[in-house]
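Residue numbers (the working numbering), protein chains in the order written: chain A, 1 to 661; chain B, 662 to 912.
Everything labelled a hint here was simulated from the structure, so no lab data went into it. Idealized CB from N, CA, C, for every residue including glycine. Hints are not guaranteed to be accurate.
Across the chosen pairs, the derived CB separations fall in these ranges [unchecked claim]:
id: 1; chain 1: B; residue 1: 800; chain 2: A; residue 2: 236; range: 18 to 24 angstroms
id: 2; chain 1: A; residue 1: 464; chain 2: B; residue 2: 690; range: 38 to 44 angstroms
id: 3; chain 1: A; residue 1: 262; chain 2: B; residue 2: 805; range: 54 to 60 angstroms
id: 4; chain 1: A; residue 1: 366; chain 2: B; residue 2: 777; range: 42 to 48 angstroms
Some residues of chain A that are not near chain B, with every Cβ distance over 12 angstroms (derived) [as the list claims (entries may be wrong)]:
id: 5; residue: 307
id: 6; residue: 335
id: 7; residue: 597
id: 8; residue: 635
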Amino acid sequence: MIPAVIMPVMIYAQKFANDRRERTLTATTYLYAVTGPLADRVRSLIENTRQAVAGNKDEEFDNLRQFKFDEIRVANPRESLDNNTIQFYVQAISGEEADKLPRTNDGSGPRPSKRLTGVPRVTVIYRADRDGSDNAHNRVMELLRLAREKDSQLLLVDRGFPGSPKGLFAVQDSNIATNGQVTGSLVGRFITLFLVMMMFTGGAVASMDIIAGEKERGTLETLLTTAVRRTEIVTAKLMAITCVALVITLIQGVNFFLYIRLKVIALPKDFDLQLPTGMALTLLALFIPLAATIAAVLLMLSAYAKSYKEAQMYFFPVYMVSMIPALASVMPGLSLRSAIALVPLANVSVASREILMGRPDTLMIIVTFLVMALTAVFLIRMSARMLAREDLVIPSHSEPAEFLGGPALFQKRVLRWFALMWAVTFAVAANVPQLATFQRQLVFNEVVIMIGATLLMLKFYNLDVTDALSLRRVKPVVWLAILFAIPSGYLTALAIFRIVNKVIPAPQQLLERFAEDFIPTGMPMWQLYLYIAVLPAICEEIAFRGMLLNGLRRRLRPAALMVSVGIIFGLFHMTLFRIAPTALLGMILTGIALMTGSIFPGMLMHAGNNAFGLWAGGGGLGLETLDWQYYAAAGSIFALALWIIYRNRTPLPTRSVYRGA
Amino acid sequence: MNAPVVVRNLSKTFYDEGRGEVRAVDSISFECREGEVFGLLGANGAGKTTTLRMLSTILAPSSGTANILGHDVVTDPQGVRKNLGFYSSTTALYPRLTARETIDFFARINQYPADRVKERVEYLIQRFGLTKYADARVEKLSSGMKQKVSIARTVAHDPLIVIFDEPTVGLDVLNALEVQESISELRSEGKTIIFSTHIMSEAERLCDRIAIIHGGRILASDTLAGLRESTGQHYLEDIFVLYVKAGQETV
Numbered sequence: 001m002i003p004a005v006i007m008p009v010m011i012y013a014q015k016f017a018n019d020r021r022e023r024t025l026t027a028t029t030y031l032y033a034v035t036g037p038l039a040d041r042v043r044s045l046i047e048n049t050r051q052a053v054a055g056n057k058d059e060e061f062d063n064l065r066q067f068k069f070d071e072i073r074v075a076n077p078r079e080s081l082d083n084n085t086i087q088f089y090v091q092a093i094s095g096e097e098a099d100k101l102p103r104t105n106d107g108s109g110p111r112p113s114k115r116l117t118g119v120p121r122v123t124v125i126y127r128a129d130r131d132g133s134d135n136a137h138n139r140v141m142e143l144l145r146l147a148r149e150k151d152s153q154l155l156l157v158d159r160g161f162p163g164s165p166k167g168l169f170a171v172q173d174s175n176i177a178t179n180g181q182v183t184g185s186l187v188g189r190f191i192t193l194f195l196v197m198m199m200f201t202g203g204a205v206a207s208m209d210i211i212a213g214e215k216e217r218g219t220l221e222t223l224l225t226t227a228v229r230r231t232e233i234v235t236a237k238l239m240a241i242t243c244v245a246l247v248i249t250l251i252q253g254v255n256f257f258l259y260i261r262l263k264v265i266a267l268p269k270d271f272d273l274q275l276p277t278g279m280a281l282t283l284l285a286l287f288i289p290l291a292a293t294i295a296a297v298l299l300m301l302s303a304y305a306k307s308y309k310e311a312q313m314y315f316f317p318v319y320m321v322s323m324i325p326a327l328a329s330v331m332p333g334l335s336l337r338s339a340i341a342l343v344p345l346a347n348v349s350v351a352s353r354e355i356l357m358g359r360p361d362t363l364m365i366i367v368t369f370l371v372m373a374l375t376a377v378f379l380i381r382m383s384a385r386m387l388a389r390e391d392l393v394i395p396s397h398s399e400p401a402e403f404l405g406g407p408a409l410f411q412k413r414v415l416r417w418f419a420l421m422w423a424v425t426f427a428v429a430a431n432v433p434q435l436a437t438f439q440r441q442l443v444f445n446e447v448v449i450m451i452g453a454t455l456l457m458l459k460f461y462n463l464d465v466t467d468a469l470s471l472r473r474v475k476p477v478v479w480l481a482i483l484f485a486i487p488s489g490y491l492t493a494l495a496i497f498r499i500v501n502k503v504i505p506a507p508q509q510l511l512e513r514f515a516e517d518f519i520p521t522g523m524p525m526w527q528l529y530l531y532i533a534v535l536p537a538i539c540e541e542i543a544f545r546g547m548l549l550n551g552l553r554r555r556l557r558p559a560a561l562m563v564s565v566g567i568i569f570g571l572f573h574m575t576l577f578r579i580a581p582t583a584l585l586g587m588i589l590t591g592i593a594l595m596t597g598s599i600f601p602g603m604l605m606h607a608g609n610n611a612f613g614l615w616a617g618g619g620g621l622g623l624e625t626l627d628w629q630y631y632a633a634a635g636s637i638f639a640l641a642l643w644i645i646y647r648n649r650t651p652l653p654t655r656s657v658y659r660g661a
Numbered sequence: 662m663n664a665p666v667v668v669r670n671l672s673k674t675f676y677d678e679g680r681g682e683v684r685a686v687d688s689i690s691f692e693c694r695e696g697e698v699f700g701l702l703g704a705n706g707a708g709k710t711t712t713l714r715m716l717s718t719i720l721a722p723s724s725g726t727a728n729i730l731g732h733d734v735v736t737d738p739q740g741v742r743k744n745l746g747f748y749s750s751t752t753a754l755y756p757r758l759t760a761r762e763t764i765d766f767f768a769r770i771n772q773y774p775a776d777r778v779k780e781r782v783e784y785l786i787q788r789f790g791l792t793k794y795a796d797a798r799v800e801k802l803s804s805g806m807k808q809k810v811s812i813a814r815t816v817a818h819d820p821l822i823v824i825f826d827e828p829t830v831g832l833d834v835l836n837a838l839e840v841q842e843s844i845s846e847l848r849s850e851g852k853t854i855i856f857s858t859h860i861m862s863e864a865e866r867l868c869d870r871i872a873i874i875h876g877g878r879i880l881a882s883d884t885l886a887g888l889r890e891s892t893g894q895h896y897l898e899d900i901f902v903l904y905v906k907a908g909q910e911t912v
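Chain B extracted, bound-state conformation (with noise of 0.2 angstroms):
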């Protein structure tokens, strides 16, 4: 079966008057596999963000193409957004909204089927143990219950991608164990998930595999051992710091 996610030579750049042309994405390409949980790992301003807006049809791609279980970003946007889920540090809530209405609303928006939204609704509320919350106006919430309720939203309308945006910027060590529980729990029900950090420590622990992302470029993309077996280092940081290095030089 074909890869659910498929990037081809994808490149944005932006017009900016000041510093002139600026490549934020260079020709990338990456495939993820079903089921798996993909890794970009780069540092701040590294391209990974401008990768998975355009993935998600917020932004449109300068050259290249990427598709998603069919779809492409360019041609058929609705059809892309159909089947993702987009999460990321600054997608916020509707505060005047509950917990309920929110994920009610999300799934409809989403084309979930009208008759089975409600059960859906209740589905998430339990598994994300919002049960006592639900009602309440998600402003009213603490930072880790809109944490969960957010997660519930971004997939709402079960998506069979779900993509995550350095979900844990800003979190607390408690509340980022939560999303990361809460994703490890997503693969485990057969999604495909894309996950962006800069964080060694969640790359090592959540991926599958992981595409080692600068300056824009992927330098690397490989599973934890197989990074590890072709630089001969072991903490992913060294194998990090190794090819960023080796990627400037050869720039």
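Bound conformation, chain A alone (with noise of 0.2 angstroms):
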């Protein structure tokens, strides 16, 4: 089970960081100045070429076609790019000025190049120290070349003509970046990276043991009746694997130290890694909670699990998964001055390249540092509560649902279904190519995965229908509500997205392709809302508001449902920007199902929220442009539907229902 999931999480996080460099990358505008007496011919050698490549339909050129680069005037372009305002900048020099420089250099200026005397020079001037520096050089490179592949002159020299040297020139380009700061920019992309790899094989030789161990041969206890605190127990417990991952950390360092000595390891060319005092000290302040963090999730982990074995088959999953934020700094153009230094593991890998780099931003060090303090924290708290769990520190000899079966069981194993649907769903996507189209896509999805698998539910775990899908009557003025609740909850959710936007923007590119990709043109209209809103809203909801929901409402309270039912309704809709929207959809519709205690309210909602994007959509009425009075006035419709519904309700019971407040 584990292993069917873990596989597409993976591909999954994988494709989202290659997409994100991919549209961090020609997202960009890079800016540039053009310095030199030669400069105005640079320009227009570059704007003809631009004109060319964009006139060009050729594939080969799509990369320089999507390269988006604007001019500015700088006063100083050597500091404008050392502090980021330019990724690069051209230098034209004539061949007069060209022939007096001396050919060699010491490595840091400029490479020497196979140019004839006279000939004018044109250099790039770059950080290879930086993605975006790094990636628009390569991109003006290719231009100039193309520049210079066009130039008529060059064609006539070549063909044996006698040019004027002065109307060629030589392209070069000049990476200003010290060798240390490139190796630190790479040294610091993988070393989080690699450290998280080492302290979780690491520590997970001690703690696998520690807890869940200790619950199989029964110390524990015997332990929890001495006089100590839970946080004490566990505290220790943390230092005592924390040290074993360090002392392995330390001796797979020393062991790959030894290999680079030996020369078994060749490091890259120019390879000078530069660590001073305090940069070292720096990121060891990261590194300490850093290890603590990890630490702290192994122990969690063994504190849940029942016994040793049960502890070793979740650390793979946890392992896998903990190496996704580590992996931060892989992607460019992401600073430690964003909502990255409030995530753990992601904020010191993106701290520790910039450290690396030798751009360490103080504040946000600080900020990365206590962020991670509180997570380890909170992490001992949590398995100092696990302590006091008696489902998880009493070895129960049997699991009352395991032989019932039933409903009892189905409680315990609808997630795990909804996984492998999740699995199987994203699985199919990927490899499938006969479901590639829009209308096959849909179809697996709704029929065969929610409805296929619902039914499949129902008769295994012998579900009695009417329960398990809420299929229910409610009053009729609920239905009247929901009539309201459609284009006012759709134009409440559109003032919250754009709210949001304004805080953390989407890419309107990605935003208009994702339109496109989706909606397919030269389809009936009739057919587009069959399957876009009628569809979904009915296996969707049987899936989600049916099963789903009923599956989970006995464990968790009414706010925990609305969330938990909601974002796993959000991980359905693949595309990354429609996690969100699609999520509070679910907690919306969530919300509605437990109020209405019947899935066909949220039938009607789905149905007609889908519709009414569709109708609103494809007439263009603007609706994301309106004045805020009218958002307003639709959050307020929005919001008394919704208190009708509460007034009028009938509701399901859940978790507070079964155990008390």
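Reassemble the complex: the two chains are provided individually, in unrelated frames, and hints are given to aid placement.
Spelled out as structure tokens, the structure:
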């Protein structure tokens, strides 16, 4: 079961990272400057070549066509490049001046090129330690080489005609980042991942047994009856894991160092890692809470598992998933001065890269340190709390649900079913080309996965259909409220996303491209409404607000149910930018199902919402740019509709009903 | 003087997804007097272990209070555990520690005065006849020896109150007798002992007072003589059956 889910999660994460990387690199508009006496000539060259490329539909030029760059005027290009105002600058000097420059250099200056005497020289100056600069440099070099090929003068000379050397130019690039900076950038990208891997595998040696093993041997109960506090127990155990993790990491590090010394592992050319004391200490200050957090994750895993074997089973997925945030440093343009500073592991990853590149952001490093320390403390407290959970502490010899089977077992298994459904949906979408079309994919997901799994679950656990799917009547006024809730809810959601967009902007292009990809052209309207509104509303409501909600509702309180069912619903809508909106819709629909005790109002709401979106989108009503008072009005109507539904509620019983408040 | 152990309306409700709400312990109250052996007599699943786990603060009560030497199990669990030794058939020993290390560890962890730990450890090794095996790993010891080490670690910090939760389960007759003897000795040292069992003869022999527990409730609580008098039966087994049947009728 876990292996079935873990691979899609990894592929998904990898795809997400790649997409984001690509997107950032192509979506960025790079700024540059042109200097030197022949600047105007270079400008016109670049302009001509750009136009030529734009007019050319060859796939070969796709990269260049997407490459957006604007020239800006700066007083000191070198300084602007260093502080990242521009990503590169082009220096064009005449042949005579170029001839005067020394041919050899110390490695930090421009590289000597094969340039004939008297030929003007165009140099692209960039910093190889920055993704943006490096990427822009590659593209502009490509462009300039193209320009050079297209240069008619060159053609003439090639064919043996006497050409004026002044009309030609030589292209070269020059990286002003030192080897130390480039190395720092390279090491910074992977050091956190390396450490996370080492600490996880090292810490696991101690952690697997440290609580889970005690449970198995019965010594945990002995320990819990002594005078020590739960937090003291977990803290002591955490320190033990941290020590083992650090020692093993150290041994691995020394190992690695020896391999390099013995030249078993070859280092890249120009590898030059500079680690001044201050930098090393700053890194250490981040790696210690990192180690503590990893130890805490391992400890929690051990506290949660009932046996050593169970702990081992959880280890691999937790390990794989923890590596994902550690890869944040690989993403270009991700600065620590952003929301990433609040994401544990990812913040250390980005921070260490910035530190190693010699651009430490003191304030954000402090934030990172605090976030990591708080995470570790939070996890320790969670572990301590697990020691107070009787179902985890006291070895139970039998789980009644296991032999009772039926609905009781269904509640324990429902999440596994949905994880499996998610994995299948994802694996099929990625691997079966026959299902790649819009209609087929929708029919497969909705009918085969949602309805198919529902039928299987109903049969497997011998569930009562009316109860498991909440097939109940509701008061007529609820239907009226739903009709009002559809357009007002849609507008309210739009308003929420406009506000969110102001804080965390989503790339506009991507949203547009998504709209194009998703809605096929040339399909009759009635079919579109069927596929986009009716089919998902029926099938998804049955699966999510029927099976999933009923499987979980005895275990969670209403708010937790709304959040969890909403997020799971969102996750089934693969495209990244659909997860948040669908999760929001899912939460609202879950709330409605909980209040009405039925899936039918939610079905109408869901169908209405999708249809309204399709109609509004197709009609170009410009609902995205309404004045705020309209949104406010819509919000009020929506709130009123929900209030009416609440007043006429016939709610589904949830955890609080089963276990008392 | 106040009773060292006071339990008032203590309840424990489990939620089980299959069976729904289960009242493992249903509003029980009792007191233990200083220096006595108080027995909880009940069949399997009667709620004995759950009650004793709440007293030792492993489980949190759903409602009601329990007070041990003035420390409340909910508000001051550390204070409770410091004054308590807890022994059950499921509390195991660390297999890779020696007998001496085990007693030493539990004395320290339970905050026995550091300067007297060594003395205490030697005393307990002597007292439980462990001298010969004191430096062997626990995993190498016979089950009878392990039993003794276990009791020694339970009283390592010289607690005033000792709980024995079905201590003789799974032991042969001779080992069970040894455990019973240890309990008697502890009583003669002045410790207050709470002892749970489903074996009538054990309860008859050891307990000063017996509480008959069934279905999570205490049906009767008195000295053996008192129970005999109020039921007119001589054997504890008959007394027990009588109460349980009467209890089922009222339920």
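How the hints compare with the structure:
no.	hint	result
1	B:800 to A:236: 18 to 24 angstroms	holds, 23 angstroms
2	A:464 to B:690: 38 to 44 angstroms	holds, 42 angstroms
3	A:262 to B:805: 54 to 60 angstroms	holds, 57 angstroms
4	A:366 to B:777: 42 to 48 angstroms	holds, 47 angstroms
5	307	holds, 14 angstroms
6	335	holds, 46 angstroms
7	597	holds, 20 angstroms
8	635	holds, 39 angstroms
Hint compliance for this structure: no hint is broken.
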